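Asker: The lines below spell out each chain.
There are 2 protein chains.
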Amino acid sequence: MKYYIGIDIGGMSIKAGIVDEDGNIISKSTCVTRVLDGKEAIALDMYNLCKEVTAIANLEQKDILGVGIGCPGTVNSQKGVITFAANLNFKKVNIVKEFNKHWNVKTVVNNDANCAALGETKFGSGKEYSSSLFVTLGTGVGTGFIIDNKIFEGENGEGAEGGHVCIRMDGEKCSCGQKGCWEAYASATALIKQTKKAMQKHPESLMNEIATRKGEVNGTVAFEAYKAGDKVAEKVVKKYAEYVATGLVVFINVFRPQVVMIGGGVSNAGEYFIEMIRKQVKKKVFAGKINRIPNVVKANLGNDAGIVGAAAPVMD
Amino acid sequence: MKYYIGIDIGGMSIKAGIVDEDGNIISKSTCVTRVLDGKEAIALDMYNLCKEVTAIANLEQKDILGVGIGCPGTVNSQKGVITFAANLNFKKVNIVKEFNKHWNVKTVVNNDANCAALGETKFGSGKEYSSSLFVTLGTGVGTGFIIDNKIFEGENGEGAEGGHVCIRMDGEKCSCGQKGCWEAYASATALIKQTKKAMQKHPESLMNEIATRKGEVNGTVAFEAYKAGDKVAEKVVKKYAEYVATGLVVFINVFRPQVVMIGGGVSNAGEYFIEMIRKQVKKKVFAGKINRIPNVVKANLGNDAGIVGAAAPVMD
Chain A
1 MKYYIGIDIG GMSIKAGIVD EDGNIISKST CVTRVLDGKE AIALDMYNLC KEVTAIANLE
61 QKDILGVGIG CPGTVNSQKG VITFAANLNF KKVNIVKEFN KHWNVKTVVN NDANCAALGE
121 TKFGSGKEYS SSLFVTLGTG VGTGFIIDNK IFEGENGEGA EGGHVCIRMD GEKCSCGQKG
181 CWEAYASATA LIKQTKKAMQ KHPESLMNEI ATRKGEVNGT VAFEAYKAGD KVAEKVVKKY
241 AEYVATGLVV FINVFRPQVV MIGGGVSNAG EYFIEMIRKQ VKKKVFAGKI NRIPNVVKAN
301 LGNDAGIVGA AAPVMD
Chain B
1 MKYYIGIDIG GMSIKAGIVD EDGNIISKST CVTRVLDGKE AIALDMYNLC KEVTAIANLE
61 QKDILGVGIG CPGTVNSQKG VITFAANLNF KKVNIVKEFN KHWNVKTVVN NDANCAALGE
121 TKFGSGKEYS SSLFVTLGTG VGTGFIIDNK IFEGENGEGA EGGHVCIRMD GEKCSCGQKG
181 CWEAYASATA LIKQTKKAMQ KHPESLMNEI ATRKGEVNGT VAFEAYKAGD KVAEKVVKKY
241 AEYVATGLVV FINVFRPQVV MIGGGVSNAG EYFIEMIRKQ VKKKVFAGKI NRIPNVVKAN
301 LGNDAGIVGA AAPVMD
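From first to last, the protein sequence lines are chains A and B. Our numbering numbers the first residue of the first sequence as 1 and each following residue consecutively. Our numbering numbers the first residue of the second sequence as 1 and each following residue consecutively.
Be careful, since some hints might not be right.
[Unchecked claim] No more than 27 angstroms apart at the CA atoms, straight line, and that leaves these computed lysine-lysine pairs for DSS-like:
id : chain 1 : residue 1 : chain 2 : residue 2
1  : B       : Lys179    : A       : Lys282
2  : A       : Lys179    : B       : Lys289
3  : A       : Lys173    : B       : Lys283
4  : B       : Lys127    : B       : Lys92
5  : A       : Lys289    : B       : Lys97
6  : A       : Lys62     : A       : Lys106
7  : A       : Lys91     : B       : Lys282
8  : A       : Lys173    : B       : Lys2
9  : B       : Lys214    : B       : Lys201
10 : B       : Lys150    : B       : Lys173
11 : B       : Lys150    : A       : Lys79
12 : A       : Lys227    : A       : Lys238
13 : A       : Lys179    : B       : Lys150
Think of the hints as simulated: they come from the structure by calculation, not from any bench. This one's a predicted model, so the numbers in the text were calculated from it and none came from an experiment.
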C-alpha cells in the first residue's frame, strides 16, 4: 500500500492526515492556524502535524510518498505559491519551499476547492468519471473543474472562479463587489436571504413557525417547510434549485463534464432537491437533445474531503 | 518551408487554400457546398479543391504535410466526427474517413470557431500568447478557447458553447430556445434589436436618419450615430459594450486567458469600441486588483481566418 499526507489549511485550523492510495484516511490530527505568526510558524506546525499522524499510523517518514497541501485563495500550483489568501494573510507565499525546509519530500499545493473536486472525482461520488465539476454551496459558492483526472485551475491558478460568473446582469449585489454573481443567488447565504424575503411577504407560511422554533432563519428552514407541504416554501426551494442549475449550465455548456457533484451544507437537503436541480439542468442545457447531459449527484466524501482532497494531487 | 491545406466548410461554400508554416495563404479556391448531395459529394469536392490549390501553388501532393478541416457545429476532433452540423445536414459524419478515401494524408477536423481561435492565436492578434479567448460577434456569438496553444473543446467536443451561457436569467429569448443567453445580448443581431428599440423610443435620434439613408437598420447604425455625437446612440453603444464584456468576464474568471480577441463584423467599429469593452472588463473581472487582467484586442486575420484557422490544428 502507498501512503501520502494531506494537509488542509483553513483560516481557523490546520488538519492533516495519512491517506492511502485508495483514499482512506489512516490517521489524522489538527491544530489552530497561527495566522498572526506568519508562514514560518504555519510551515512548522504543518511539519509537526505530519510527524504526529505518521507516528499514530505506525509509519515512518520514509513510508510517505508525498505531501499535498490544500488551502483557500489563489494558488499557483506549478510554482508552489499561494498568490493570495485573505484568511491566512498570505500574499505570494511559496509554501512548498517553506515546508521543504523542514522535510524534503515531494510536495504540492492547490486551492482547496480544486483539491476537493479531485478528491471527490478520484474517491467519492465521481469515481467512475475522469472529467467533472464539483460545486460547494455554502457561505459562498466554490467550484472545481477536473479534466482528464487533472485539476483545471486556469492560467497561473487564477481561474476556476465559478462562483463569480454573472447570471443576472444588474442583479443582486455580491460580496465580491459585482452584481448578479451566481454566488449571490446559489450560496446558502443567498438561500437564507430568499427564505427571509418570502417569510416577510407570507407571514402565514410554515417557514415562520419553523424559524421561530429554531431561533433563527438558516439554510434548512425552506426545505423543512417544503417537506411539510408549505406552498410558499415550495416556491422558494424550486426557484433556488433553478438558480443553482443556471450556474451549473454555464459550465456544462463550456466544459461538458461527465458528472456534476454538489457539496456543501445545502446538498444535505435530500435526493429530491438534487432531482430538482437535475430537471432544471436538463431543461436549460444547450443542445440537450443532441449532446449528452451530465448526471448531477450529491458529493459523498463529507468531512474527509479536505484531507483526502489535499492528498489527491500528489498521488499522480 | 512546410505546407498544409486548410479547408473551411460552410453552409454556402467550401473554401480551401495552401497555408505555409508561418500562416501565409499561398493559393486558394472555392466551390459551392452541395449540402443536398451528402457527405460523399462534399468529400469529393474537398479533394478536388485540394488538387486545384496544390496545382496553383506549383506544388505536388507529396509536399503537403497535412489537411485541416474547419466546419460549423459540434465536432469530436479526436474521432474525426462531425457530431451535428445543421447547416451541412450532417449527423455523426466521419468526415476524415470520407476524405481519406480520396487521399490518405494526415487529416484533422475541428469546429470552425475553434479553428479561428487557434489561427488567431498562432498567426494573428494573439501570436505573442499561448492561452486566449476568441469571440466572434456576428449573427450569433461564437467562442473558441486556446489553452497552451491547443484548442479546448470540452468533453467529446461538445463544450466551448460560450454564446449560450446565461448572463440574465429570465431575460431576452435566444434562438437556442433558452432565455438570457449572452448571444441574445452581444450578437450583431442583438445590437440591431437594441438599436431599433432605441430608435423607436427616440425618433429625434440621428440613428433614424442614418438608417433611412442606408435603407435598413444594420449593425453599423448605432456606431455611426455615436461618432457623430448622438447621445442616444452613445447609450446604445456603451450598453452593448457592457453586454459583450459581461460574457467575456465569465470566461476570464474561469480560464484567465492571456488575451481576448474580438472578431466578427462588429469588431470593425473601431478601436474606441474595443477600448469600451476593455474598460468594462476591467471593472467587472473577479479580483481584478490582485490578478492579471487579460488585454482585449481586435482579431486581425479577417477573411483569411477560415482557411488559416482550419490548417492551424494540423500543424502540431
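Asker: Next step is simple, just say for each hint if it's right about the structure.
Answerer: Against the structure, the hints come out as follows:
1. B:Lys179 to A:Lys282: holds, 14 angstroms
2. A:Lys179 to B:Lys289: holds, 17 angstroms
3. A:Lys173 to B:Lys283: Holds: Lys173 of chain A and Lys283 of chain B sit about 15 angstroms apart, inside 27 angstroms.
4. B:Lys127 to B:Lys92: violated, 33 angstroms
5. A:Lys289 to B:Lys97: It holds: about 26 angstroms lies between the C-alpha atoms, which stays within 27 angstroms.
6. A:Lys62 to A:Lys106: Distance ~11 angstroms between Lys62 of chain A and Lys106 of chain A Cα, so the pair holds.
7. A:Lys91 to B:Lys282: Holds - the C-alpha atoms of Lys282 of chain B and Lys91 of chain A are around 22 angstroms apart, at most 27 angstroms.
8. A:Lys173 to B:Lys2: Distance ~54 angstroms between Lys173 of chain A and Lys2 of chain B Cα, so the pair is violated.
9. B:Lys214 to B:Lys201: Holds, at roughly 20 angstroms.
10. B:Lys150 to B:Lys173: violated, 33 angstroms
11. B:Lys150 to A:Lys79: Holds: Lys150 of chain B and Lys79 of chain A sit about 22 angstroms apart, inside 27 angstroms.
12. A:Lys227 to A:Lys238: Since the Cα atoms of Lys227 of chain A and Lys238 of chain A sit roughly 12 angstroms apart, the hinted pair holds (cutoff 27 angstroms).
13. A:Lys179 to B:Lys150: Cα-Cα ~33 angstroms, so violated.
In summary, the numbered hints that this structure violates are 4, 8, 10, 13.
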